[in-house]
Amino acid sequence: MWGAGGLRYGGDYNPEQWPVEVWREDVALMRRARVNLVTVGVFAWSRLEPEPGRHTFDWLDQVLDLLHDGGISVALATPTASPPPWFSLAHPDALPVTADGVRLHHGSRDTYCAAAPAYRAAARAIAAALAERYAHHPALALWHVHNEYGTTCHCAHTARAFRRWLAERHGDLDALNAAWATSFWSQRYTDWAQVDTPRATQYLANPGHLLDFRRFWSDTLLAAYTEQRDLLRAANPTIPVTTNYVLGDWVPVDHARWAAEVDVVAIDHYPDAVDGGAEEQSALAADLARGWARHGAGGDRSAPWLLMESAPNQIHTGGRMHAKEPGRMTRHSLSHVARGSRGVMFFQWRAPAGGAERFHSALVPHAGPDTRVFREAVDLGATLERISEANEGTVDADVAIAWDAASGWALGHPGMPSPQLDHRDEVAAAHRALWRAGYGCDVVLPGDRLDAYRLLVLPALYLASDATADWVGRYVRGGGHLLVTWLSGVADEHARVRLGGHPGALRDVLGVRVEEFHPLADAQTVPLSGGGTGRLWAETVRLAGAQPMDTYADGVLAGLPAVTRHHFGAGTAWYLSTRPDDATYRRLLSDAARAAGASPVCPTVPAGVEAVRRRGAGASWLFLLNHTDRPQRVPAAGTDLLTGATVDAQVHLPAGGAAVLRESDAAGRRGAPDRADG
Amino acid sequence: MWGAGGLRYGGDYNPEQWPVEVWREDVALMRRARVNLVTVGVFAWSRLEPEPGRHTFDWLDQVLDLLHDGGISVALATPTASPPPWFSLAHPDALPVTADGVRLHHGSRDTYCAAAPAYRAAARAIAAALAERYAHHPALALWHVHNEYGTTCHCAHTARAFRRWLAERHGDLDALNAAWATSFWSQRYTDWAQVDTPRATQYLANPGHLLDFRRFWSDTLLAAYTEQRDLLRAANPTIPVTTNYVLGDWVPVDHARWAAEVDVVAIDHYPDAVDGGAEEQSALAADLARGWARHGAGGDRSAPWLLMESAPNQIHTGGRMHAKEPGRMTRHSLSHVARGSRGVMFFQWRAPAGGAERFHSALVPHAGPDTRVFREAVDLGATLERISEANEGTVDADVAIAWDAASGWALGHPGMPSPQLDHRDEVAAAHRALWRAGYGCDVVLPGDRLDAYRLLVLPALYLASDATADWVGRYVRGGGHLLVTWLSGVADEHARVRLGGHPGALRDVLGVRVEEFHPLADAQTVPLSGGGTGRLWAETVRLAGAQPMDTYADGVLAGLPAVTRHHFGAGTAWYLSTRPDDATYRRLLSDAARAAGASPVCPTVPAGVEAVRRRGAGASWLFLLNHTDRPQRVPAAGTDLLTGATVDAQVHLPAGGAAVLRESDAAGRRGAPDRADG
Amino acid sequence: MWGAGGLRYGGDYNPEQWPVEVWREDVALMRRARVNLVTVGVFAWSRLEPEPGRHTFDWLDQVLDLLHDGGISVALATPTASPPPWFSLAHPDALPVTADGVRLHHGSRDTYCAAAPAYRAAARAIAAALAERYAHHPALALWHVHNEYGTTCHCAHTARAFRRWLAERHGDLDALNAAWATSFWSQRYTDWAQVDTPRATQYLANPGHLLDFRRFWSDTLLAAYTEQRDLLRAANPTIPVTTNYVLGDWVPVDHARWAAEVDVVAIDHYPDAVDGGAEEQSALAADLARGWARHGAGGDRSAPWLLMESAPNQIHTGGRMHAKEPGRMTRHSLSHVARGSRGVMFFQWRAPAGGAERFHSALVPHAGPDTRVFREAVDLGATLERISEANEGTVDADVAIAWDAASGWALGHPGMPSPQLDHRDEVAAAHRALWRAGYGCDVVLPGDRLDAYRLLVLPALYLASDATADWVGRYVRGGGHLLVTWLSGVADEHARVRLGGHPGALRDVLGVRVEEFHPLADAQTVPLSGGGTGRLWAETVRLAGAQPMDTYADGVLAGLPAVTRHHFGAGTAWYLSTRPDDATYRRLLSDAARAAGASPVCPTVPAGVEAVRRRGAGASWLFLLNHTDRPQRVPAAGTDLLTGATVDAQVHLPAGGAAVLRESDAAGRRGAPDRADG
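Protein chains in written order, with the UniProt record's numbering: chain V, 1 to 678; chain B, 1 to 678; chain D, 1 to 678.
Hints listed in this document are in silico derivations from the structure and should not be mistaken for laboratory results. The model shown is predicted, which means the values in this text are computed figures rather than measured ones. Virtual Cβ for every residue (Gly too), placed ideally from N, Cα, C. Misleading hints may appear alongside valid ones.
Claimed, not checked - Some chain D residues judged to face chain V by a derived CB distance under 10 Å, without partners named: (1) P207; (2) G415; (3) R513.
Same shape as in the complex, but just chain V:
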């Protein structure tokens, strides 16, 4: 399994943008920062193959040798995310087309259609050439296929491939017509040739059509990946292969389904919260990556993953750059390592003078190495070496949250009851409440094993197949504790609404029957009898076995249940019919977790201090991250790897600072829940 040994540290390195004298300075600076892994070649196609079939590998030979001589390993990328201009000129049919029929042109990156045969052939060819030349280079530690797969297209190649995919998925047109409910608006197909991609149309599109188009693209991009992977593997089976996931609701990729195809799950993560909340976004991203890795590895809790890209300093949010204050880069890096990342990688090593991302941050910024940023990079390298022993084992988690990419896609479709329905937001809200309550949390996919968890949370799991409903039912019936939020289980896997009362797939487990939805306006809140408020959504909930735990306190729903609890089989199932305010959400989840027998990682941690425990063979490490601007004290005992100091009873954390304790046995057990790990 990839990722053993010390932690990886480095980032994207683009020597093709610089003269050779800078390469030598780069290696020296990397050594100063203790960088041990760099990603090379991501956008180098036009430098590696300046005309069709003619390769210019000499500069790359030199770069890899220089890095190897410097003791730095290489994640060698196939450059297929940006074909050279000659490719676009030679194959205009391989340029992507928007839903409006606009053919995009060369001038940025990712200007190809991944369903176009010419593109796929060219991509395989350059990957094969790289494999042939470098598969046994001593610097090579990892193959990095492509970059951030995520584009779509509406060209004729795509339409043909989409029809093939649909035929395979649905079998025949009757099944497709049923899945897409084409009786609505006279859309019944009678010949495969009638089926097109969801191009620009007069009015609202068919939600089943939109959903399958996303799934098609996830599978099509995956096929583009796997054919490169197979080539690379064939050249040297000892070198692991991956590709870096780009996160975001716009990405037509179901990352969980991809996880089985990569040797290490790799994510790019750029939190976009500006005024607080970035640490909670980082925590969720890391838990997602770990969950995907475990899912892909058949449930192995120590399956490796890697933070492949992050920002050393400023990130772009809302069209604007936001600088990270001192200390944040280190704290966020440690948060990822605490959650299992096998290292910390940045985009990028050196800030470019030109190009579209000239103001993206870098370990070596425009102002050079004599800067706060590079000094922090040097410190981070030393820190990662000091804590390298923690790079093993698993992460403590009593609670599981379910993630489902397709639910996120379906909730964003036109014609939904509200424009504010967002799977990621609901997962984040529940995860944040648990983060603030101090509970470790695993992300699971529907169907995953659940025996390790005290509590399962389903936030806005909009699509639930019969199998998913069974999975949930079996868990609760067998004694599991469950908390479900509004909009879960409403539709089946084709996004058809389940009838007879919401949430159709989970009605029995929850003991409720929802009659009506009441989406709330942007700034609207509804008071709850328990003292909190709900926002975004409310529902007319009828009890069918459940008992009310909180009620709406005003408006047409006054007196009706807002939160319910149902004893089902040997287990307990909570239902939230609105989004509670953060404090109420934290209280509700704490109540449910406590009742389920779950324990916080470190019960006495002050607000704003993050505690995560990573547990290896015979040892455990407690990561403590102080996200506040005041010094904090945390009761704990062990050896602080950052300072070497022995901690007897209390860790003193400076404002914005961190500690990584190798825990004394007693301390390690104190925080650990009493449970049977899966």
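For chain V, the structure is supplied; the task is to place chains B and D on it using the hints.
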């Protein structure tokens, strides 16, 4: 004339979305709710003609028989609003094209160009086939052509048809050049082939061009309707024919001009006001429909109309669903009946599991019949039976408001003095002021007979031909009272500004001459000396015979007239040069109405209670609708048809409740104005 | 040199929109208003050439004769900004194409591609025909080529022309690849055929590509202008030629580079400030025009320029019309004359009844001549005659502000650190601060002579070539005073970021090294120790010779320098790393100006009163404009040309009023700085 007998009750019914066992349940539930009319087949084309020329009518036979056996009549629709996928594949030239040249594709509804010969031929063929099979079916009560005509196109078929239409309208290019003022920006046409639709262009488009394009589409869609109507009529002249109007400024349909071509005016109405005002929107929509019907019937005040679609529960506004609170559905339904609707129809009977409108509300919601919504539907059915005697005669109205679709279109064109100019909003503001003051109100079209009215209101009647100016002048000269708002009469029928001082067409009648416009910013108000405020607009008004009734109290217009009154011939003409706040507007219109000798429907009605009187041969019915959340009392006498109780002096209305009084003779006359009805 | 003699007064005149009897009324009204110059023919192409090659000049003959008989001169326009419909029909390849590939159609104005050979040929032909017929007409005073050059295109003609232009600019592809930094994202070109215009692409475009596309269009439009100019000049070398500049960041025209090609710089100016600030916008526009004229004339400070279009009354801003209050038209007109305009021209003479700009304001509005607006126009004509003696010489200015169109373009490109970076805004902020402090100000272009100035201000001069850096360095080293704002000198002329610390090109002169940028959010401010605040931007400034003059008072930058001063050579260089609030900015610039030895035009002028001095041979004129709504007094002496009154010590200005003093010698010198004029 259509619509006699009891009130119609029902909605759109889509059996093609459901298996036969649901059909049987549907009929049973319809009977429980006393539904007596359902619209069938609106989007069933792909089910009725799965391939060109092959018809599958068996399922529809069965549905119609089932309904007939259940005593339920059918409004049978031609399904031409959504051609099947095979049509789009066979006739790509009949797919619509946007102004940008983007050809839209199958995947929603209404993906056809109504000017494309292939579409028109296919639409006639399916209509003819339906006519042949069902024109004498005993369930058939009404033909419902198409659905919500309203799409446009910029394809080559359209361009050719547009040129033909222009040649017919303008005669020759000289006339077109004059009408469109093509001397501006060198747009003079010298050959018909040079004239195109208003496609995407570099900068501001020609307003005359845009206006005629809207008119062309209204006539083109009307031709698409009438050719189907003629086929259906020919098959059985006893069955009335209609099509359902969709309302909205975006619709390129002049509904008043269509009214003479339908046997009953049918409207779809979905009020979009969320925090109050929906009842006023319903009242205006109903008054519009009645006015169009009267206009189409040559002035017959009892010409029938029907609320063909409305929402049983949630409506979408601003991308979000808003649930209706209990009671609102019934109250709004009664408001339409009070204003002459021959029944209450909903979209739709049963909520679909899939398709783009899966969350549109229905009488039988996703949660099934054991719901508040279906119980209210059952109650409404009983209510409509109880008040069926009121389904005749006319609606009391002393005041007329003019409506002009073309003025609405022209006010929305680029280059106008403000982006907030909106004929519908101005009509609504005046109508709302009259509604709150308790006056019954008819909508008239320029040129309609006016002898029934005490007061004529012209809100933002931007386009005024010479004939319209004459019509207004004759009315006032003959003793009529007139109230005109800003932006009326500014331009001629080609949207060319009338010179010499605004409002060019009405200057003499009003005795004013407006020198300058002063559009106000979004939130800006200007104080008036009388204590109110104006917003949206102000003007430099010079008196030319009129006397000032209120003046601007601040700014560059301080001391200049804001509201004027002019004695002209035997009549009186008021001018409002700004939009007054609601209270001021209500006071001004009350003053003008009182001076004109008009009377409120029910002078003593409390605020928030709507009173409408429908008057038949020898009887009158007073509808009282309590839109407040408190019980209310209204002095009135008669028999309350909802309860059967005799009311001697005072009706007690529960919060959100209603009463429908068959008035005692004395009471019926007390509210009626002393006037000569036209 | 053009522009001697009395001041020009008039506007755009479109007789082609009116019948001949209106022409006669127009001439009579023009005489009443003392109009002496009108622009004729701007959009008359379809009237002058109704079919290819057939000219109808008779009406224009008659118009020019009528005007000449009335003593009114003509600026005769070539009508090439709007080809007739027949042209578009005959040459569809000459219609413009958007970046998305949408071909625009006839229906507005400017629907041509200026790189299309057919368009250029047709434009030359109509210009040649006009030259042949009218070059010696006695009314002809000026040729006015085209109108507001500013459109772009992405058609195939454009792509070919762009490649030719790039080859000329860069020499070879290696140079282009280096300039555009095409190593980023694999964009390296290996054949000219691969280079396209920056069409719609997948993600962020290349900033070098975007910048050169703007430059290409500036040169291409200039070539379209000069070929017409050359034809016109050849027909009669005594008639000057110009074209009217349209201002705005969207315009792909580097007006300074065009200035050498026109005989008089002519600008159209429509200030868009609504609630205050329009007078400051007018002042900046006039200073820009004067600066461009001087630059084009090799530094001649008396090079002529003309306000070619302005609005007599309402202007459109944000889609809405805003009326000008009484007096504003005159005050703004005088502000332009004070700053050197050789007259005052309006768009337009008479308001059109139709067309897209039917509500644009006019000297003769829709309501006719019996209006406030026309009366003010008559008064303005008289005023301009009274002050005609001031139409000579130069304008006092001790301070220079640099302007650079390309910096403005580059700051607006995608991927910049903030969406609020705007060269024009930063120039305006500095100019406004100087305006409020009472300093006269010249606009200079990088490379211009600076010996006339005490202080040079560089606001957001983002692009600085090595030559520009030298120009600044030599100025300061030689004793000049300099004030530089954030974002100046960051990039080179290809928009590549200069490395080693910002602002790369000016680091040495300023004695600072900027490590990090901190763009601020929209409403965010950062307090400064000196009591003011910064907004938009902040920086981590390291001192490298400079001394701190103000520091950040809060946040991560607390205690670090915000404003610095550096003694460099014999001069002084200030650096502002944030945008100060207006009061702080005014104080800082006053401090810097005073230290530099600059003097305000009129030190005792009250706030809101604008003072500008124009200086001729042996005389000077002090323009005093009271922009407040209260009477004001200004100490000054001379003869008020508006009233003829002698002023001994104090000018009394009515609210909103103005005075133009021919200064007594003593007074004239009092305000003048002690300096060696360049």
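Numbers of the earlier hints that this structure fails to satisfy, in rising order = Of the numbered hints, all hold.
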